[in-house]
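Position chain D against the provided structure of chain U, taking the given hints into account.
Sequences listed follow chains U and D, in order.
Count the first sequence with the numbering used here and you get residues 1 to 509, in order.
Count the second sequence with the numbering used here and you get residues 1 to 509, in order.
Any given hint could turn out to be false.
Note: identical chains are not told apart, hence a pair may lie in one copy or across any two.
[Said to hold, decoys possible] Pairs of lysine-lysine, DSS-like flavour, derived with a Cα cap of 27 Å:
| # | residue 1 | residue 2 |
| --- | --- | --- |
| 1 | K384 | K134 |
| 2 | K310 | K494 |
| 3 | K418 | K494 |
| 4 | K382 | K134 |
| 5 | K88 | K5 |
| 6 | K340 | K276 |
| 7 | K447 | K152 |
| 8 | K384 | K323 |
| 9 | K171 | K49 |
| 10 | K5 | K29 |
| 11 | K14 | K63 |
| 12 | K32 | K5 |
| 13 | K465 | K170 |
| 14 | K14 | K29 |
| 15 | K49 | K5 |
| 16 | K311 | K276 |
| 17 | K415 | K501 |
| 18 | K32 | K63 |
| 19 | K339 | K465 |
| 20 | K14 | K88 |
| 21 | K311 | K171 |
Hints are computed from structural coordinates only; laboratory data are not their basis.
Given the structure is predicted, the values throughout are model-derived calculations rather than measurements.
Number of protein chains: 2
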Amino acid sequence: MSIEKVNELRDQMKDITNQIMSLINQRMKLAKNIGEIKNLLNLEIVDEKAEHELKSYILNCSKDLDLDPEFSGRIVNLLINEAVRIQKYQRNAAAQNPLNKPETNNEIYKSKLSQESAPSRSFQSNSVLQLDIKSHMDVFNAAKYLESQGHKIIHMEVGEPDFLPPTEVKKGLEHVYEEHKVHYTQSEGILPLRNALSEYISKISGYDENSKYISVNPSNVIVTPGGRFGIFAIFSSILRPGDEIVVIEPAWPACVDCANYMGAKTRFVRTDLQHKWEPDINEIESQVNNNTKIICLNYPNNPTGKILPKKTLESIAQLAIKKNVFLLSDEVYSNYKYKKFSSVVNFEYKKSILLNSFSKTFAMTGFRVGYLHSLDHDLIYKLKKFQALALTSVPEPMQFCALKALESNTEENCKVIKERIDLVCNSLRKLPFDFYIPDGAMYVFAKIQHNLKINDLKLVEALLKNGVAVAPGSGFGSKYSNFIRISTCVQESKIKSGMDKIANCINLL
Amino acid sequence: MSIEKVNELRDQMKDITNQIMSLINQRMKLAKNIGEIKNLLNLEIVDEKAEHELKSYILNCSKDLDLDPEFSGRIVNLLINEAVRIQKYQRNAAAQNPLNKPETNNEIYKSKLSQESAPSRSFQSNSVLQLDIKSHMDVFNAAKYLESQGHKIIHMEVGEPDFLPPTEVKKGLEHVYEEHKVHYTQSEGILPLRNALSEYISKISGYDENSKYISVNPSNVIVTPGGRFGIFAIFSSILRPGDEIVVIEPAWPACVDCANYMGAKTRFVRTDLQHKWEPDINEIESQVNNNTKIICLNYPNNPTGKILPKKTLESIAQLAIKKNVFLLSDEVYSNYKYKKFSSVVNFEYKKSILLNSFSKTFAMTGFRVGYLHSLDHDLIYKLKKFQALALTSVPEPMQFCALKALESNTEENCKVIKERIDLVCNSLRKLPFDFYIPDGAMYVFAKIQHNLKINDLKLVEALLKNGVAVAPGSGFGSKYSNFIRISTCVQESKIKSGMDKIANCINLL
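Isolated chain U, as found in the complex:
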């Protein structure tokens, strides 16, 4: 063993590296050729069947090479992502300038597309003048624009409670300065808040069949700057490019967007109104493979208001345990439950992760405080390190206010929203919509009856022009373009007026 041997091996490495470059180049050219034909024949760019075939073939070959199937799967996913990216770029370019000659590899690579292909990209084409609407945020922006032009709009598109945070929070704000709560804190959050959260989690979700509280340890709790960053931090800590997650649709789009951003692949399990938004456990299982790292749940669900029966939740947890994948449960609507709700903490499964937030329960959206619970010490360690790397800590004044909020009673919030939901449901019954009566959360997800012959985007636009803003169903999954989501975050009189406007608009269609 000597330095000469190192040099010899390095020469071999140079040669192999060059061969890899050459093959990647060939693969890119093939992807472009296929893309051109897909454009001519107007075929979908993403072809799940072809992807699956390629993956099976490579995994078979990898066995002969003694390669780890997870590693091989990730590399193949990366190469597929790259091909999809190139083909999407071609299609956009062709759409923008059909007479242009095809781009060279260089041009494709000089534009920074990996982020452009993220769903958030759709915002860019949003012109409020043309009301080019694709998501609830587009509706919100369009509504704001119309208001600036003197129109009156009833906001039933966004999920921000209209009531104020508890008065305990007001007192908290007034004491931040004199109590010197103005410093950097531990990246996982201040201990008094994590202590209080442990008790709170135990109280709200730790209730098991025998009426015992689950004991929650503050060392398993992390305070995050909002629920959304909780997802971002979890994905950053767990996922590598080429990994996969499973999402049950319809769904709040944050999980899919964050996975896309990180180069991870989302596999979807679609639920429907006909089956009362219940996911099929076999379908979930069929979407889990060697590269799956996380199954994402969100119950009470945004947008459907579904709460899973305990049995279904248990069978999903059993599947996660069997497959050794993380079970991320976004429970930010757990305060708004109109039937029994069981939290993921009850399973005491090491790889289950509870995500919750102060935003909806305490009407503290603007404070940006969320929290996570996990029994996996390695994950907790990574999350702390990630928060320290990305943003040091959650603002101490906000943590102090969150601590005060935990002293308040939030039952009234739940009661108010439930009454509003009943109001919306009663109005909807007289209109050509079908819907599931929500078990929880703050929304009604209503299916546009077929005889109306209008999709969600057209209907949302028509409603907006009639003074009421609602969210298009397709913002929660591509298969839900015959749904609208009606939010109950305005007071009763406005809801009544909003529902009247919907009725009027439907009559005019």
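Using the frame of chain U, we list chain D on its own:
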């Protein structure tokens, strides 16, 4: 052109994909063989010369393939990162269990190493009992531990001002609730704050030679949850794995840590006390290549207190313009300047990015509010989208307080710190340390004289046991293990006592 042709091309793709997998497997095996020899010969894992040779070779070959040099460079960097990762894993495994048989590829890939090899990993081995210290945060944690055991420690290791935020902020906190500043905001920050920041940036940094203010447009300003997240967001928006940044050392480690996290490579330009911490422009130029995306500056500098002469800054800006790379200027210490300081906004270069924060100027570390300015609309667009994806927005109560803070006068803060710095310098002159008298910031970076025969970590440990905490130089760059950083964030009497403790400890060595 038909679907049959697509299938035919897909078969070719399968074959090529399989060849790529096989070659990557061979490359991994070679990397492991080289790693084993490096371990036996105790050679450094990272060999910049060998990396450079490989890259030059591949770039030459790429010309024949008509491949984009930037694309090729990125792929090669990725393959190199992978090899380094494997070799580091081998070395750790060998150190932990020297009798173990070498790991298989599978085992290496099953452990999630990409994050473990980040510098923050060093925290994990930190045991406060053994005072295993590697960075100023380790010192802080060790000091906290000693305090919990009844020891008294003077904290001269961290950069958190000891004074309170301006009283305007106290009033702001008291009005958050009644003014309903408790909501989601635009991801780029509320307009009143961006308006006020535009004026403020213009006032503090837009002063050009002819006494004119640079006009700053609020659409070029983004509010971030702290300066650290500003860096994280910029890197997330600009860097892809395999890209490169240039950092001038010694440096606050956030840039290097964030780049590592994102799979980007940092090239270092080292400055030294002998040359008054002035970087050599030719050395900077030599570190810029096809894959370089950002040159990172931090003046007034943490830890040295250096402010660059205007001419040097101009030549760096000229270089950035010539090479078409971003120039990121972290100016969080700009309120603490004891000679003329020129901001990067004066260059009106599209790719320059100003980073600043409320933390140091207004003693608002715990509020986590920072801000960015850039003339590049594409970057601003990406930053907005990234913040919307990762965390929705900065807490509105904190933005409201930041707005109030801008009404305050911060000259006194600067005066207080300058007096403390003089105090530290006067004490240090009587001790076996060499140092540059700071032009700005809140620290003195002192070189341990050779005859003391002690490195930074040993000295920091000895000082801590004597009741004074300072930061080791090696936390700001591997070449600065003969320096300590003394922070001035405690009141004068404590600084005097801390410097006495340092003197006593040195006498005992």
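Evaluated hints:
1. K384 - K134: Cα proximity of K384 and K134: across copies only (18 Å, versus 35 Å in one copy).
2. K310 - K494: neither (35 Å within a copy, 60 Å between copies)
3. K418 - K494: within (15 Å within a copy, 58 Å between copies)
4. K382 - K134: Intra 35 Å, inter 19 Å, cutoff 27 Å: inter-copy only.
5. K88 - K5: Between copies only: 19 Å across chains, 45 Å inside a chain, cut-off 27 Å.
6. K340 - K276: within (16 Å within a copy, 69 Å between copies)
7. K447 - K152: within (26 Å within a copy, 67 Å between copies)
8. K384 - K323: within (26 Å within a copy, 37 Å between copies)
9. K171 - K49: For K171 and K49, neither the intra-copy (58 Å) nor the inter-copy (61 Å) Cα distance is at most 27 Å.
10. K5 - K29: So K5 and K29 pass the 27 Å test across copies only (14 Å; inside, 37 Å).
11. K14 - K63: Cα proximity of K14 and K63: in one copy and across copies (26 Å, 16 Å).
12. K32 - K5: Answer is between: at 13 Å across copies they meet the 27 Å cutoff, but 41 Å inside does not.
13. K465 - K170: neither (38 Å within a copy, 43 Å between copies)
14. K14 - K29: both (23 Å within a copy, 14 Å between copies)
15. K49 - K5: Result: close only across copies, 17 Å inter versus 46 Å intra.
16. K311 - K276: within (15 Å within a copy, 70 Å between copies)
17. K415 - K501: Intra 25 Å, inter 62 Å, cutoff 27 Å: intra-copy only.
18. K32 - K63: between (29 Å within a copy, 20 Å between copies)
19. K339 - K465: Classified as neither; 36 Å inside a copy, 59 Å across copies.
20. K14 - K88: between (32 Å within a copy, 20 Å between copies)
21. K311 - K171: For K311 and K171, the Cα distance exceeds 27 Å both inside one copy (43 Å) and across copies (52 Å).
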